[in-house]
Amino acid sequence: MNVGKEYRTFKATFVSTIKSVIRYYTPTGYVASYLLLPITMIATAWVVSRIVSPTGSPDFFVQTTGYTDYLTFVIVGYAFNGVMFSSVNRGGEAVYREQVEGTLEMIMLTPSSRFTWILSKTSASILDTVFSLFTILLLGEMLFGLEFHGGLNVVVALAGALLTLVALEGVSLVFVGIGLVLKQPHVIAVLLQPVVIFLSGMMFPVESLPQWIQPISGAIPLTYGLNIVRRSLLLGWDVEMLSGDFLVLAVFAVVLIPVGYYFYRALEKRAMQTGAIRTF
Amino acid sequence: MTAHWRTFRASIFKNTRISLTYRPWLINSLVSPVIWIAISIFTYVGIASPQAIGEGFRELTGSPEFTGFLILGQTIYSFFTAMNWRGGMALERERFYGTFEMILLSPANRVVMVLGEAIWGMVDSGWVIFLTTLIASLLFGLGFNVTDPLAVVGGLALTFLAMISLGLFFAGFYVLSRSAGPIAHAVQSPIRFFTGVSFPISALPVYLQFVSYAIPVTFGMTVVRSSLLRGGSVAALSGQLAPLAVFTVLFFILGVWMIRRMEHVAKSRGTLHTF
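Just so you know, the sequences run in chain order A and B.
With the first letter of the first sequence counted as 1, position 63 gets the number 66 in the numbering used here; the numbers rise by one all the way through.
With the first letter of the second sequence counted as 1, position 232 gets the number 237 in the numbering used here; the numbers rise by one all the way through.
Do not rely on the hints blindly, as some may be mistaken.
Just some of the chain A residues that point at chain B, by a computed CB distance under 7 Å [as the list claims (entries may be wrong)]:
id: 1; residue: M44
id: 2; residue: A46
id: 3; residue: V198
id: 4; residue: S211
id: 5; residue: Q214
Hints listed in this document are in silico derivations from the structure and should not be mistaken for laboratory results.
Even glycine gets a Cβ: it sits at the ideal position worked out from N, Cα and C.
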């Protein structure tokens, strides 16, 4: 493997993707997407919590989860919404855009490593996601009184968030391949978003789901990532207490990335055989 | 009129072909709303007992029933999002595909073209949304209480017309904003919040309710819920139907002006084809 070549591929694709993301979001778009959207979503949770309980934290919720405040539970959960959506949408969307702009065939004819190219596309989008995550947490703190344990707990939460992103990279690879074959990959992303919101405990505890659904929640990396971030920031749990979730995420990362890449190559081969690369 | 009919028909025909080409969207349209309804319901039942939820709703609406409230809220909201992306993004899509200039050079009436896209959006998404509402009703339990069918039909029809007018307005607005995608995406969440998809409007502070009642979808939501769940009649709902009619006309006029303004800017500045 020529490291210099891979680095050049990664850097060129990373920079062009970042520029494309920044250009897509004009100042108006940034304000609308990064401020308006999370504020109204969190405000919805605030209103709902006030309907069912004068304190905003129903006894049922506190007893089920151990968290003392429902709104902070939701703020952290919603901050992760972007993580999930980014992982399933950005990779596929990035390839789809190359198809629409007619540059995909040229890219595939270059000697660049496909894995490096896709990794740089999704990594650039992760920057955008991390920015969104911190913006939501900051908004939560400024507007809704989000309080969390600082110090080492922040480090633990960051580690959990990053490991989740790595684990979801494999999922992203699969969606790149799906985008090549099925076209319009955001169809799958738009479908999966509510599924993951429902199953991962983003807006309400996983424990409140019917028993037969809960094992499905356990098959989603985001469920563990959310657990780590919430429990470290809101309950002050340390790495030792969260070791189980970290281990599961690490296994997901190790398994999903090669599996995801394998599926991507299989789908790319199919797209090449059927001549679907250039159609969109 | 013949020319307008041809433009309208061409919009419908084009979108039919696109819908049939990208069949995965049909699966998305069928499954996604049911899951969003489930999220709406579990946002309540996942954090509080049914008694607590019922008491909260009784205080605000006079009725402890919340499942039907949430299902219908999501149903009307699904229509809005369909309108937002089909009708509202009609011209922006043409920009993206590089056909915008051709359309502006053609003698086709732009308003009729967008109306064709918007009406097709309502029809294409309409049957799917009704089907998902039926599925959700069976899954989560929804008891209808209709005493005046005219209130239901009239309320739904006026709500759809209001949304089509909104779509017309958004079509010109999004192109002029030069940030159509992010704004179209971001506008959904405030609309969801202020129109009471997930909670009664009366749960909001009074100063925020003014914002709610500046949005036509709010009236549509109230009319549909009242006529289907509480036996509301046309007479009883006239206070909601009248503003809805006014908004429909207002946004239609604004929409026509916005599209004409967009075309004027496109031709005078020559920048609307750029991204």
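Check: Quick one, is the A/Q214 hint okay against chain B at 7 Å, beta carbons?
Finding: Violated: closest Cβ of chain B sits about 14 Å from A/Q214, beyond 7 Å.
Check: Taking the closest Cβ pair, is A/S211 under 7 Å from chain B?
Finding: Check passed: Cβ of A/S211 comes within 4 Å of chain B, closer than 7 Å.
Next item on the list: Grab the minimum C-beta distance from A/M44 to chain B and call the hint holds if it beats 7 Å, violated otherwise.
Entry: Because about 6 Å separates A/M44 from the closest Cβ in chain B, which is inside the 7 Å limit, the hint holds.
Checklist line | Restraint outcome when A/V198 is required to lie within 7 Å of chain B by C-beta distance | finding: holds, 6 Å
Next item on the list: May I ask you to test the interface hint for A/A46 with respect to chain B, counting a Cβ-Cβ separation under 7 Å as satisfied?
Entry: With a closest approach of 6 Å, the A/A46 hint holds.
Checked against the numbered hints listed earlier, the structure breaks hint 5 alone; every other hint is satisfied.
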